[in-house]
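Asker: Here are the chains, one letter per residue:
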Amino acid sequence: MVAVVAVAVADALISLDGVEKVFDVRRRVGLVRREKRQVRAVDGLSFEVARGEMVGYIGPNGAGKSTTIKMLTGILTPSGGRLRVAGIDPARERMRLAHRIGVVFGQRTTLWWDLPLKDSYGLMRRMYRIPAARFKENMERCVDRLDLAELLDVPVRQLSLGQRMRGDIAAALLHDPDVLYLDEPTIGLDVVSKAKVRGFLRQLNEELGTTVLLTTHDLQDIEQLCERVMVIDHGRLMYDGPLQGLHSAGSVGESERTLVVDLERELAPISVPGARVVKVDGPRQWLAFPAGASAAPLVAAVAAEYPLVDLSVREPDIEDVIARMYAGRG
Amino acid sequence: MAEAVLARSRMERELELPRRNRAVEGVRGYGLIVAMWIRSTMTYRTSFFLSTFGNAAITLLDFVAISIMFTHVDVLGGFTLPEVALLYGSCSASLGLADLLLGNTDRIGSRIRDGSLDTMLVRPVPVLAQVAADRFALRRLGRIAQGLGLLLWAVSALDLEWTLGKVLLVPVMITAGAAIFGAVMVAGAAFQFLAGDAAEVQNSFTYGGCTMLQYPPTVFGKDLLRGVTFIVPLAFVNWLPALYLLGRPDPLGLPQWAAFVSPLVAFAVFLPASLAWRAGVRSYRSTGS
Chain A
1 MVAVVAVAVA
11 DALISLDGVE
21 KVFDVRRRVG
31 LVRREKRQVR
41 AVDGLSFEVA
51 RGEMVGYIGP
61 NGAGKSTTIK
71 MLTGILTPSG
81 GRLRVAGIDP
91 ARERMRLAHR
101 IGVVFGQRTT
111 LWWDLPLKDS
121 YGLMRRMYRI
131 PAARFKENME
141 RCVDRLDLAE
151 LLDVPVRQLS
161 LGQRMRGDIA
171 AALLHDPDVL
181 YLDEPTIGLD
191 VVSKAKVRGF
201 LRQLNEELGT
211 TVLLTTHDLQ
221 DIEQLCERVM
231 VIDHGRLMYD
241 GPLQGLHSAG
251 SVGESERTLV
261 VDLERELAPI
271 SVPGARVVKV
281 DGPRQWLAFP
291 AGASAAPLVA
301 AVAAEYPLVD
311 LSVREPDIED
321 VIARMYAGRG
Chain B
1001 MAEAVLARSR
1011 MERELELPRR
1021 NRAVEGVRGY
1031 GLIVAMWIRS
1041 TMTYRTSFFL
1051 STFGNAAITL
1061 LDFVAISIMF
1071 THVDVLGGFT
1081 LPEVALLYGS
1091 CSASLGLADL
1101 LLGNTDRIGS
1111 RIRDGSLDTM
1121 LVRPVPVLAQ
1131 VAADRFALRR
1141 LGRIAQGLGL
1151 LLWAVSALDL
1161 EWTLGKVLLV
1171 PVMITAGAAI
1181 FGAVMVAGAA
1191 FQFLAGDAAE
1201 VQNSFTYGGC
1211 TMLQYPPTVF
1221 GKDLLRGVTF
1231 IVPLAFVNWL
1241 PALYLLGRPD
1251 PLGLPQWAAF
1261 VSPLVAFAVF
1271 LPASLAWRAG
1281 VRSYRSTGS
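So the protein sequences, as listed, match chains A and B.
Mapping the first sequence onto my numbering, position 178 (from 1) lands on 178, and the numbers just tick up by one.
Add 1000 to a position in the second sequence, counting from 1, and you land on the number used in my numbering.
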C-alpha cells in the first residue's frame, strides 16, 4: 500500500522537477547483431504551471514536446524526476488522473470513429460518471459555442477536420477537467475554424479558469491565447516567459512576415523601402517586413521597379522565431 | 470569480476521486462500451441478422466438410459422426464465446501502430476492457448459436448415460473452454506489445486450436496431445470433458477427474496471461513504441 501525500505548492497545478525520459533505441547492425543506443527525449525538465494559466509549449520537431505531454497525461512513465498534475502522479494513477485532465490530439481523434458524436458524448458521460445536470450544462455550452448542433447525429468519420476538432475539444471538456492539453489543436484547419477554436479556448479559460497547455506550430495560436511561452529543444527548457520576451530574445524586436518574390531573372538583392532582403536563391528573393505593416505598398513598389513574375506572403511561424532566438544568442 | 472556480474544483476533487477497484472499473467500462456498440448495431437490425446468420453459416462449413468425410467412413479415430459433432459443437461454442467477449484484443498491434492506444490510456477505464469492448461484434453470436445447435443435436443423437455430474459438466465445459481461449487471446495480445502486429500467432492458437479440437484426440500423435494438455492446455477446452461424457478413456491415460478441472486450468492460464498483459502495457508506457 502506497500512501500518497499530496504536497501542493500554492496553486501549482502542474509541477515538474528534473523530469527525464530516456528511450532505448535498438538498431539493427548487420544481419542479427543489434546496437542499443539511448536517446534522451526529455533531459532534466523543471517547470510549474499555476491554476488558470494558458501556456504555449513550443519547439522544433523532435524536441520532446509530445513526450512531455505524454508524461503529463500518464501515457508514458518518466525515467527520472518528479512529476505531479493536480497532486497526482500520472504514471502511478493514470485512471484517477483521467478525471482531472482533458486531452486533444490534433492528429487523431479521441472519439469513436463509427459512432455519431452524440453517442460518443453519452458514453463519456457514463465513463466519467458526470452528473446529469453538469453534463447538460457543459453540453449546451459546447454545442452552442463550438457550433455542434448540426453535427451531433453525424458519425465521426464523416466530419471534416475542423468539425472533428471542435467535436474533440467538446469531448475533452465534458467532465470539467482542471487542465486541458492540446497537441496542435489548429493544425490543418481553415482560417474560420481556427478563429472559432481560439475564441472558444479563450472563453473557457476566462470563464471556468481551466488551465490550458498547448503545443503548436502556429505563432498566432500563441499570440492570441498565451501570455506565457515555454520553448523546449533537445529535451531542455530554452525559454520560459512572455511571448514578447521571446521576440526580444531573438535578433529582431518584432515578428516579421516574409514576401517571397519570383523575378524574371537573377538580380542583385533588390532594394525596396520598408523591407530588407534576407535570402536570395536564383531569381527568387525573400524580403522581411514588420508583421504589422501592410504588404500592399511593398508589392506595388516591387512590381513598379523590378520584373516581377510571381509572389507570395509567408506569415511568421514558430520555427522562424525560434531560429532567430538561437541566432540572437549566437 | 476565481474563488468560485477554485471552490468548485476543490469540491469536485473531494467528491469524485475515490480510488476504485481496477477489476470492477474494467467490467463496468467494458459493459458501458459494449452496450453502446450493441445499440449502434441494432439500429441496422436486418444487417445484424444477416451478418449473424452469415457468421453461423460460414463457421458451420467445417462441419459440413467433416460430414462429407463420414459418407465414406463410419468412424474417425474410433469416433462416430455424433461424437465428433459433440467435440465440434462444444469447441465452436467456447471459441465463439471467447471471440465475442475478447476477440477484439487481437487488434492491439494496429492500435499501437496508429497511436489509438494513446487515446485509450487517457480514459478512466482499464485499457484491456477498452480494447476488448471496442467495436464489439454481436454477429459473433452466430458461431455460438451454430456450436450450441450442433452440441444439442449430438447430445440427442447419442445415447449418453446421464448423471448429475455429466449434466453439470456441459455448461462448465463451454464456459471454462471459453475462458481458456480468452486467456490465450489476452496472452497473444500481450505478445504483440513485444512483437508488433502478431495477430496471426494468436489466431493460430485460437482458431487453429479449435480446428484441432474438432477432431477426436485419438487421430493425433501423443507428442501433440502432451503439448496441448500440459503446455498450452487446449485439451481442457473440450477433449477431456467430452471424453468423460462419452465414457471414453483419455489417450494419455489421465484419470477421469481431469474432465472436471477445466475451470482450474482456465484460472491457471488467465493469471499469467493477465500478468503478461500488464507487463505489455507497462513496457509500452516506458518506451512509447
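Keep in mind that a hint or two might mislead.
Examples of chain A residues toward chain B, derived with CB under 8 Å [unchecked claim]:
| # | residue |
| --- | --- |
| 1 | Ile75 |
| 2 | Val103 |
| 3 | Thr110 |
| 4 | Leu263 |
Over the 12 Å line for every Cβ pair with chain B, so calculated as not near, a few chain A residues [unchecked claim]:
| # | residue |
| --- | --- |
| 5 | Arg26 |
| 6 | Leu31 |
| 7 | Thr109 |
| 8 | Trp113 |
| 9 | Asp144 |
| 10 | Gln220 |
| 11 | Leu237 |
| 12 | Arg276 |
| 13 | Lys279 |
| 14 | Ala293 |
| 15 | Ala303 |
| 16 | Ala304 |
Simulated from the structure, these hints should not be mistaken for laboratory data.
A virtual CB, placed ideally from N, CA and C, is assigned to each residue, including glycine.
Asker: Would you pick out the hints that fail for this structure and give their numbers low to high?
Answerer: The structure breaks hints 4, 5, 7, 8; every other hint is satisfied.
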